[in-house]
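Colleague: Using the sequences and the hints, build the whole thing.
Using our numbering, you'd call the opening residue of the sequence shown number 1 and step up by one each time.
If you are wondering where the hints come from, they were derived from the structure by calculation, not from laboratory data. Warning: the hint list may mix true and false statements.
Label-pair distances were calculated between CB atoms; the ranges are [said to hold, decoys possible]:
id : residue 1 : residue 2 : range
1  : Arg51     : Gly96     : 15 to 21 Å
2  : Arg76     : Gly146    : 34 to 40 Å
3  : Pro144    : Ser74     : 39 to 45 Å
4  : Ala82     : Val46     : 25 to 31 Å
Values in this document were obtained by computation on a predicted structure and should not be read as measured data. Yeah, the Cβ is synthetic: ideal placement off N, Cα and C, and Gly gets one too.
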Amino acid sequence: MSPRLPLVERTRLLARCTSWLLAAGLACVPLGATIGAHEIGTTRVVASLTRDDTYTIDVTTDAGALLGRLELASKRPRSSPASAAEYQRAFAALCGELPHHVAVVFDDVPDEPRADCTVDAPGGVAGDDLGALGVTVTLRGAVPPGAGGTI
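Modeller: Here you go:
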């Protein structure tokens, strides 16, 4: 078995690559004919490693934008959910597609994560403005055996 880096060092390496992971994952999702703009800083990524060699990556972003990209990537017609509950149902149907569009790699050894998608609670959006509705995608998996250096 190869030597393992301390948890603090592995966490630092994961944090350094989090931006790349998000950019690479979302860049793999095909875009439609029109491109919409959004405010800078509307996506947040939090990554963590545990002592039992598992990882969790939480990506919080605009629900409408991510749903549209997932629908295009899976060749489904573009939907127009009218409530947070409808968004949650749409993500429940498509969340399994996300691991096919992200890369989680440790020391050149890939791991395909499990994905869970949770749409903001209806009361969490000011004035029930669905344009401000967010979704948190939680990616979970195991650090491959023997990986321990670069993430």
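Colleague: Against each hint, give a clear statement of whether it holds in the structure.
Modeller: The hints, checked one at a time:
1. Arg51 with Gly96: 15 to 21 Å: 28 Å, violated
2. Arg76 with Gly146: 34 to 40 Å: The hint (34 to 40 Å, Cβ to Cβ) holds, given that Arg76 and Gly146 are roughly 38 Å apart.
3. Pro144 with Ser74: 39 to 45 Å: Roughly 27 Å apart at Cβ, these two residues miss the hinted range, so it is violated.
4. Ala82 with Val46: 25 to 31 Å: For Val46 against Ala82, whose Cβ atoms are near 30 Å apart, the range 25 to 31 Å holds.
Comparing the model with each numbered hint stated earlier shows that hints 1 and 3 do not hold.
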